[in-house]
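**Student:** Could you put together the complete structure from these sequences and hints?
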Amino acid sequence: MAAHSRDPLTHPEVRQATTGGYAAGYGVSVILMLGALLITQQHVLAYPTFLWLISSLVVLSLFSQAALFFGLGLSPVQAWKSVSLILALPLFVFTIGLSVWMFNSLYPRTMPAMNMNTSQPTLLQ
Amino acid sequence: MAIPTHETSHATPDSVLWQPEVEAHDDLAARTLGFWLYMMSDALLFAGLFAAYGVLDHAYNTAGGPGARQIVHPLDGFWQTLAVMTSVFAFSLATVAMKMRSRPGVILYTSIALVLGLVFIGLEIADFRALIAQGAGPDRSGFLSAFFVLIATHGLHMVFGILWMLVMIVQVARSGFTEHIVARLLNLRLFWQFQASVWVCVYAFVYLRGAF
Amino acid sequence: MPVHLQGPWSPLLGRLSLHAIPYNNSIILFAFALAAVAAVAVIAPVLYFKKIPYLWREWITTVDHKKIGVMYIIVGLVMMFRGFFDGLMIRTQQVLADGPHSPHFLDALHGYIPPYHFDQIYSSHGTIMILFAVTPILTGLTNVIVPLQVGARDMAFPYLNAVSLWLTTVGAALVMVSLFVGDFSAAGWVGLIPLTELPFSPGVGVDYWIWAIQISSIGTTLNAVNMIATIVTMRAPGMTWLRLPIFTWTTLSTNIIGLTAFPVLGVALALLSADRYIGTHFFTAGQGGNLMLYTNLFWIWGHPEVYFLVLPAFGIFSEIIPTFSERPLFGYVTMVAATFAIGGISWLVWLHHFFTMGAGPAVNTFFSVATMFVGVPTGVKVFNWVFTIYRGRLRFDTPMLWCVGGLFLLLIGGLTGMMLAMPAIDYTVHNSVFVVAHFHCMVLLVAYAIFGAVTFWFPKVFGLQLDERSGKLFFWTFSIGTILVFVAMFGLGFMGETRRLDYLYDPQWLPLLIIQEIGIGFYSLSVLIFCWMLYVTLRHRHAHVEADPWGTSRTLEWLTHTPVPFYNFAVTPQVNARDELDWRRRGGMDRKLPDGYAPVHMPSNTMVPALIGLFAFGFGFGMIWRIWWMAGFSIVAVIVLVIARSFQKTPGYILSTDEITAMERRVEGSSIVAEQPSRPPLVEAEVH
Ligand code: HEM
Ligand SMILES: [Cu+2]
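Residue numbers (numbering that gives the first Met the number 0), protein chains in the order written: chain Z, 0 to 124; chain P, 0 to 211; chain L, 0 to 687.
FYI, nobody ran anything at the bench for these hints, they're computed from the structure.
None of these values were measured; they are calculated from a predicted model.
Ideal placement from N, C-alpha and C gives every residue a C-beta, glycine not left out.
Careful, some of the hints might be misleading.
[Claimed, not checked] Computed beta-carbon distance windows for the label pairs: (1) Z:LEU88 to P:GLY175: 33 to 41 angstroms; (2) Z:LEU88 to L:LEU640: 32 to 40 angstroms; (3) P:ARG128 to L:TYR53: 30 to 38 angstroms.
**Tutor:** Below, the structure written as structure tokens:
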């Protein structure tokens, strides 16, 4: 609230910006996605392997963004952001994972059989 | 500040009871933390949408219409990825320029980021129009509803980011780096980088997985 | 691609026409008369005593967390009264409509309310009680208390705080308007699907329900941001994490839930709106929709939401019980751990609301076991309270009565919850009134905590104590009502009465229904006593109260003056112990004042939040009636306001040392209900 006469540009969160870090984050993200694209275009992997690989690339890319873009870490200005992210991460997994799981367990019990060969694999298959 | 390290069982006449000097809350840090918390909330919004997409991305839900494989184009999606990533990179550089106290630098990089954001939106709109023209609009099937709404929600975030950039360009040009403006630029950086993170998930799980 | 609608629509008024006003329904006319009388009773004195400028300056444009909290609580209490009235109507209908030979009045076949209207009543009852009564009251309490407990002058974002308040108020206002213009959803507070889809609910009722919740939950989310940031960044020096009062801890946990769960509700409602407005097929029965997906998303929010409600109640118990047992809280650290364990587990159990969906045994088992795990930390808490009471020097002032009553409810509600957590049992009692009785024990426990908290902190905020005699009478009549209604309801659940019945087919239920009706009679009596209590209190408003009127309070909020000055603490306190006030009292230092004062910087009032609220109402109303120009104009207006505000310089103003010294001597002058002289804003405080 207070109207300080501090110079805001000396704040650590302003100081944290670096061209090198951002360039690295940019490079890594683009390369990982390019890799994921190439893997997809090859069409050689089995579905589970493919899904694992893609997911790992996503996780890597998100990690690099957390570190290099957001600059998360344990420094006093960033610590609470890191903590809140870590607290939120399981919730993403619960929300999406448990939802997909419960409907996958529901369908075989409640839906008419469908010729699954012609259909797309679902997330868990 | 003299903070006693251990608790005595009660106060004594020379305990420190008041701190007249403290008025030093770090406003900037509170504002970015607040904004970050809002983004956690926003991330759960996307989690909800991804959960809906995960459930509706099933042969049962296409209602005889196209499934993911028939409508996604991973390569086109990659151009969007490139656009959004480059835009985020550009805006991040704008905050490096802020650190260097360069108003023109901030305005230049923000404008680049803004244009790339528009490119992204343009690609997305073109994609949507093509699909709707094929009769594969959001009202075609449960699956397509989830597809459109997930992607459009991300797109709507991008539109708000673009609007925000416009405002910031004006404010930086007018008043330079006041505390409020610096806080807004920092928050916008968080917001914009977050759009890249969301897009990575959309690209991998909708476009790439869909094309399998 | 707006969907095709049944019925007329015009560009100017959307679906709105004179037919939307149910002037021929005698019950609604009565409600309207009641509301009109209440409105006149409020507005007339305001006009007569020329208080509009006062209201505008001191309340509507305020950014003070205490006033905002008080307004939240007032909105919540008004809505609670409305919700109570709905409950009264539901009970009366059921007792009248039992068995084929039951009497009929007005235009109903059984009882006095026709089915469609009855459905709206229980839908609004649940929606109001959970989202527009209890939630705002708890938000209000945390708003008032938490900044004081952590020794701060205000919330981290005072302006955002006002925005949250007005958004919540808009939601409540939309629910109230639905009573007189159009109708309300008839699909239950959970939005039973596919009944909420356009073909089955073609009117505006479901739209009212959607937008009221959607707008107010944006407010709740913003408030959660604000609360967490306040607790993390605004604590007074020396207030380490392990000195944080438990109420503040539970507020933190609750708001983490609020921050993360409400967006999922937003998604559920937004997807439903997409179905209703642009014809998507998320939850439709055909075209590849999946209606259980709605239920899933709703309860992903819904279960954490019940803990969002109950955790602050636990926090309130943890403040009141030590105060009236004159002992420190037993097991502080386990209490904190249990608070967070409950918050975490509450995210893993939502499927227990639809065990009967038919997911596989593995899924049901997982959620069943997770649900039962909640009992562990809850048990830890109960034992901690009991051990606090054990060998304490007990006093049964009204707040303590509410707490002890609440503990009994927690026991019954928790044990019946454990029963429901077993799928095998749940399959037989799901959707029976047994479930209704279970969760009423739980939400009533929250209500008990709220009444306890209001009595407990009332003197702090207003500088006068609620009348104890009528307060106790209120407690006892309310509790007799609770016992009569809900013991009977458990019985009816076992006898097979299902939920939401406008007509009950089994005449054998009548005795228990009559007992319930007597119970609601006691509730009605308690409402009158509540009003009487307020009246008596105001009549004796000149009695003087101490900074700590209970004499044995323990935490920081009781350290500053009573009533609290608008700047909270003239000098920021140094925190030396977990129960700081108790610590100071034992050393005889609790009345030691600071040696001198320094100028204080305060935020200025602003009318922007109230304007945002106004346009949010316009947006909601426009969307509900599909008046597109109105919705579009309002949303643009909100965006423009936000941008315009960001161009404003908002430097606040300074309270000088002299002013503070004067006000510290004459506390009433600085109380939050007193009118403050206008102060010039700072000029050019933004130096760079
Ligand atoms: C010991 C902890 C608890 C357990 C094990 C538990 C268990 C359950 C279960 C299994 C149901 C679903 C019953 C059915 O629909 O068939 C249920 C319903 C419900 N519970 Fe609880 N519960 C607990 C605590 C709470 C609390 C603390 C609250 C609120 C403050 C609460 C509020 C509700 C509500 C509102 C419903 C019903 C919602 C509806 O269908 O309208 N419960 N509970
Ligand atoms: Cu539950």
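**Student:** Against this structure, judge whether each hint is valid.
**Tutor:** Cross-check of the supplied hints:
no., hint, in the structure
1, Z:LEU88 to P:GLY175: 33 to 41 angstroms, "holds (38 angstroms)"
2, Z:LEU88 to L:LEU640: 32 to 40 angstroms, "holds (35 angstroms)"
3, P:ARG128 to L:TYR53: 30 to 38 angstroms, "violated (56 angstroms)"
When each numbered hint is compared with the structure, a violation occurs for hint 3 only.
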